[in-house]
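The listed protein sequences derive, respectively, from chains U and G. Following this note's numbering, the numbering of the first sequence begins with 2 at its first residue and continues without gaps. Following this note's numbering, the numbering of the second sequence begins with 1322 at its first residue and continues without gaps.
In short, the hints are calculated from the structure, not lab data. On a predicted model such as this, the values are computed, not experimentally measured, just so you know. Glycine included, C-beta positions come from ideal geometry on N, C-alpha and C. Be a bit skeptical, because a hint or two may be false.
Here are the simulated lysine to aspartate or glutamate pairs, EDC-like style, with alpha carbons at most 20 Å apart [what the hints assert, rightly or not]:
| no. | chain 1 | residue 1 | chain 2 | residue 2 |
| --- | --- | --- | --- | --- |
| 1 | U | Lys43 | G | Asp1359 |
| 2 | G | Lys1378 | U | Glu4 |
| 3 | G | Lys1378 | G | Glu1400 |
Non-contacting residues of chain G with respect to chain U, defined by C-beta distances greater than 10 Å in every case (computed) [unchecked claim]:
| no. | residue |
| --- | --- |
| 4 | Arg1389 |
| 5 | Gln1406 |
| 6 | Leu1436 |
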Amino acid sequence: QKEVEQNSGPLSVPEGAIASLNCTYSDRVSQSFFWYRQYSGKSPELIMSIYSNGDKEDGRFTAQLNKASQYVSLLIRDSQPSDSATYLCAVGSGGYNKLIFGAGTRLAVHP
Amino acid sequence: DVKVTQSSRYLVKRTGEKVFLECVQDMDHENMFWYRQDPGLGLRLIYFSYDVKMKEKGDIPEGYSVSREKKERFSLILESASTNQTSMYLCASSTLSQGFQETQYFGPGTRLLVL
Chain U
2 QKEVEQNSGP LSVPEGAIAS LNCTYSDRVS QSFFWYRQYS GKSPELIMSI YSNGDKEDGR
62 FTAQLNKASQ YVSLLIRDSQ PSDSATYLCA VGSGGYNKLI FGAGTRLAVH P
Chain G
1322 DVKVTQSSRY LVKRTGEKVF LECVQDMDHE NMFWYRQDPG LGLRLIYFSY DVKMKEKGDI
1382 PEGYSVSREK KERFSLILES ASTNQTSMYL CASSTLSQGF QETQYFGPGT RLLVL
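Let the hints inform the model, and build the full structure from the sequences given.
Written out as structure tokens, the structure reads:
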């Protein structure tokens, strides 16, 4: 069974700090990795995708991928209360564009 | 912008009823997916479709069926609703994979309560 593991949290950080969210996956041949943000009662929305080892930056968000260690992380710089949400890690799995989702990490940014 | 819509935001049904959830996307995407999301369990794939009239079982297809008669529309059917099908149902769509898996775009979700 292919798995994606995330710490459920809550991860509590003060406003302005860096939030670090981590995800590990079991399928060594996975090539596509995604971070989604989900506010309470809402549907997931894409933050970033990453396909190559290393860092990918988009505004305050940086995704990091290490395929050898099978982990992917998301850094949020200058965290804001509006970043408080559940963050889902998703990993590509096999054909037909299927993704496997982690259960999510709840982030709480306090003023 | 990709737009995925779902027929209802909230539904209340009784045990044994047949339930239809409909999803429509406007981006000409080939792939469409149905998930359910429960606290602590994340998103679990029920069924997906990669073309009109084509469907594949996901991880938890029992008690569900699907229909895709048109490219833009993907329906989830609960043949005889049960209380353990109370959940948030999410539809997603994506374009055809070009080697790597592509981003999935989600609809707003349907919160179903089965009494």
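request  = Measure nothing beyond the straight line between the CA atoms of lysine 43 of chain U and aspartate 1359 of chain G; if it is 20 Å or shorter, mark the hint as holding.
outcome  = Given pair lysine 43 of chain U, aspartate 1359 of chain G holds - Cα atoms ~13 Å apart, limit 20 Å.
No chain U beta carbon within 10 Å of glutamine 1406 of chain G's = About 19 Å separates glutamine 1406 of chain G from the closest Cβ of chain U, which puts it past 10 Å; holds.
ask   = Would the pair lysine 1378 of chain G and glutamate 4 of chain U pass a check requiring their Cα atoms to be no farther apart than 20 Å?
value = holds, 18 Å
request  = Run the C-beta distances from leucine 1436 of chain G to all of chain U and say if the shortest one exceeds 10 Å.
outcome  = Given that every Cβ of chain U is farther than 10 Å from that of leucine 1436 of chain G, nearest at about 21 Å, it holds.
request  = Mind checking the alpha carbons of lysine 1378 of chain G and glutamate 1400 of chain G for me, to see if they're no more than 20 Å apart?
outcome  = holds, 16 Å
ask   = Beyond 10 Å from every Cβ of chain U: is that where the Cβ of arginine 1389 of chain G lies?
value = The assertion about arginine 1389 of chain G holds, with a minimum of 13 Å to chain U.
No hint from the list above goes unmet by this structure.
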